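There are 2 protein chains.
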Amino acid sequence: MLSEKNKILVDSIKRLIRRGAISHLRKIVNKTHAADLSVVFRSLSLQNQKRLFNMIDDIDQKGVLFSELDEDTFIDLVEDINLDSLVDILENMQTDDVADLIARLPEDKSSAILERMEKEDSEEVEDLLRYDDDTAGGIMVPEFIALNQEMTAKQAIESLQTEHQDVEMPFYLYVTDDNDCLMGVISLRQLVVVAPDTPLKEFMTTEVISVQPGVDQEEVARIVARYDILAVPVVDENRHLMGIVTVDDVIDIFRQEATEDILKMAGAGEEFVETKSVIRSTRIRLPWLFASCIGGILAFFIIGSFEESLAKYAYLAAFIPVIMGMGGNIGTQSSTIVVRGLATGRLNIRDLWPVVFKELSVGIILGLVYGTMIGLVAHIHYNRVELAVSVSLAVISSMSIAALVGSLVPMIFARLNIDPAVATGPFVTTSIDIISVFFYFQIATILLGV
Amino acid sequence: MLSEKNKILVDSIKRLIRRGAISHLRKIVNKTHAADLSVVFRSLSLQNQKRLFNMIDDIDQKGVLFSELDEDTFIDLVEDINLDSLVDILENMQTDDVADLIARLPEDKSSAILERMEKEDSEEVEDLLRYDDDTAGGIMVPEFIALNQEMTAKQAIESLQTEHQDVEMPFYLYVTDDNDCLMGVISLRQLVVVAPDTPLKEFMTTEVISVQPGVDQEEVARIVARYDILAVPVVDENRHLMGIVTVDDVIDIFRQEATEDILKMAGAGEEFVETKSVIRSTRIRLPWLFASCIGGILAFFIIGSFEESLAKYAYLAAFIPVIMGMGGNIGTQSSTIVVRGLATGRLNIRDLWPVVFKELSVGIILGLVYGTMIGLVAHIHYNRVELAVSVSLAVISSMSIAALVGSLVPMIFARLNIDPAVATGPFVTTSIDIISVFFYFQIATILLGV
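As you go down the protein sequences, you meet chains A and B in turn. Per the numbering used here, numbering of the first sequence is gapless, rising by one per residue and ending at 450. Per the numbering used here, numbering of the second sequence is gapless, rising by one per residue and ending at 1450.
It is worth saying that the hints were derived from the structure and are not from the lab. All values derive from a computational prediction rather than experimental measurement. Check each hint, because a few of them may be wrong.
Stated by the list, open to error - Listed next, the in silico BS3-like pairs over lysine-lysine satisfying Cα-Cα at most 27 Å (straight line):
1. Lys1109(B) - Lys1119(B)
2. Lys31(A) - Lys1201(B)
3. Lys1154(B) - Lys201(A)
4. Lys31(A) - Lys14(A)
5. Lys312(A) - Lys1312(B)
6. Lys1005(B) - Lys1027(B)
7. Lys1201(B) - Lys154(A)
Stated by the list, open to error - Under 8 Å between C-beta atoms, here's a sample of chain B residues computed to sit facing chain A:
8. Leu1188
9. Ala1225
10. Val1247
11. Phe1254
12. Ala1266
13. Ser1281
14. Gly1295
15. Phe1319
16. Thr1430
Don't be surprised by glycine CBs; every beta carbon is placed ideally from N, CA and C.
Next up, chain A with everything else stripped away, as it sits in the complex (with noise of 0.2 Å):
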């Protein structure tokens, strides 16, 4: 398992460390792949992290070790670094991977950075730096292979074995016209079967999936997973080929996605925070409880209307949090599915009626179970047919209700253009609250004729 293997790595890691046996842990660094040192240096302090980062020996490894580590993590660690050897490191990176790591850096280092570098390799990065880092522009890399379309398959075979030392992992061999605009594309594998003296133009695939630079990534990333491609071209409005998304940051784009999501329905901000101080993460999560906050305070004014009803039957209070929770839940099960179902793809937006109909109608069945059952249990303990009502419908309504909000605002968020996951969490639950509290009360009050 790779957590297994990565606990006994972090342990002797951290007993040489202990014992200070130098040259040990030299080897045990240089055999060690740097993204899996990256995880070990998340248990090390930054003095540690120090001394092992300048034990590796292979400048790639330190390149891969960059891109690898937590943005916190390289910030700290960049600051002892002389500018020479940083500028030496990122230079042997892949330029989406700087940018990225400049980006991070405060602005007087970044540029001092940029102006070290060689003026191609700088130039390359200051590209990318000018689109979002959420965008095709933003994540895509400038090595790739494009040939002309009049070249033979041998005279590609050639021009790879001379040219594009720089491009490792060349996924597909992109074909041009005389104007660089992309025309077609070929896969190392078709090089090599064609007969040798074939024009690249007749046997490429002239229908290539491509993207324009200001596509958001996650966009990116479905069209790979979609058509189960391993890069996909950036192009300009003019088909001129600016750079490929290859298949491994789309990989990233949805790990990172998915938790982002994740994190904005429960309302806990939308970046991770256990990696940040305690005061750091109270900060950032503060806010997204504010809703929850005045919601609960609403409620307690709504409550506090009924008093004349509570002070003579006190046992309604009773009812509350079950009330609450049965809409809190089925509320967080509507909304969850609808967002899901948006990100993936398996809900469409324009379905709005037919899915917050269906959610309606699961609401409503689910309501009367529940709502008999838990009537049932008011009626066996209080032996009162009107209380016993009160609670069942009370159950109902927040069912429903919740249903229906839980299904409904993210569906018209998504229509909107705003993200349906920040609006899922706190927002749909603290609604669903204040609404419940509110019909369970007015029931009541009306049933038990106070």
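Using the hints provided, position chain B relative to the given structure of chain A.
This is chain B only, laid out in the frame that chain A set:
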């Protein structure tokens, strides 16, 4: 945008169906990528799905469509297709996709299909069916290229040109010894770059990351993501190459696991229900609400036991929603952060106490902030210090306990090898509700001196 493209496609296909424009429809169906068609199918009746399906000329397209369809749609669609055409389509598909589809069909149908398939194909499928479909063995494909390490680069290229035509996308070439044991890996790129008479063993990468067939698919996906590779070989205990898991499957795994986690955390089942009928989706969601129903009934008995306090101070009831709401929300934050942190590897199961301690600190700080605020509102409204203090203390204790329970429960579940996502939603919220309500009435009863 992908979704706009779909919208246009769905609209034009529906229009053509209404008009009965068969030849037009046939043209558009055969021009559209099967992955896009599968989206259109979701908006069509079964009858129209069948009509469209029969218009597809290309057998490969039919295969892609099969593997992209929702489970229910596939089963319905397949019913009308005669066995021979079905077998034809399946034999042209990737083995792992065929195994997935066959596993969905009823026993009699699947054995009939396997009998009619060519022996080699059906054996490969049955090999895959032997493994759990969420393990490396269940998702691997037998389509890979393995070459003997003594071969030269030139011979390897020749073998690509003559054999292995069934391998559509040769990510890597695996290198084996005379016993068919995995010894190394080379990329197509390396193959065309080295001198033609170099033996493979001289330039292959010998440190190959591989997995055994029983490894969980999530683990496989994490390995592919961590090391940024395009495929991972599956080997038995003697390092015999059995198959490969490719990056396109890894993307699907991450998306599927994220959806499952999100649904479980929201207490909405483990599978996406929105595409199912109202009755089926009600049945799946029903049991997940049971925990919260039981919890609500427990809370009812707890509050009932404080009936005396309530009869005296009816306004105590007015604060139940805000106390439950604040506790529930911060509990959801904590459990979500922990569950997602464990899923992405940002948090380690071993760090139970640091994680829980940190969450508790955050809970206490946020409790103090919101407790003071809500206490002030109570004081302004009722002008009773004891009440204000009771409410403040209840919010503080509720939020602290919620953060504690919300982080502790998923950490413990993960240690016990129970999926923490299941534990999180209704279970945590319900326990927090009960504890919060109990503490509130206990504190109020003491302070107000009932």
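Verification of the hints:
1. Lys1109(B) - Lys1119(B): 17 Å, holds
2. Lys31(A) - Lys1201(B): Satisfied, since the Cα-Cα distance of roughly 21 Å is no more than 27 Å.
3. Lys1154(B) - Lys201(A): 25 Å, holds
4. Lys31(A) - Lys14(A): Since the Cα atoms of Lys31(A) and Lys14(A) sit roughly 16 Å apart, the hinted pair holds (cutoff 27 Å).
5. Lys312(A) - Lys1312(B): 10 Å, holds
6. Lys1005(B) - Lys1027(B): 17 Å, holds
7. Lys1201(B) - Lys154(A): Since the Cα atoms of Lys1201(B) and Lys154(A) sit roughly 25 Å apart, the hinted pair holds (cutoff 27 Å).
8. Leu1188: With a minimum Cβ separation of about 4 Å from chain A (threshold 8 Å), the hint on Leu1188(B) holds.
9. Ala1225: 5 Å, holds
10. Val1247: Nearest chain A Cβ about 5 Å off; hint holds.
11. Phe1254: Result: holds, 5 Å to nearest chain A Cβ.
12. Ala1266: This hint holds: Ala1266(B) lies near chain A, its Cβ roughly 4 Å from the closest one there, short of 8 Å.
13. Ser1281: Status holds, d = 6 Å.
14. Gly1295: At 6 Å from the nearest chain A Cβ, Gly1295(B) passes the 8 Å test, so the hint holds.
15. Phe1319: Result: holds, 6 Å to nearest chain A Cβ.
16. Thr1430: Cβ of Thr1430(B) sits 7 Å from chain A, so the hint holds.
The structure is consistent with each of the numbered hints, conforming to all of them.
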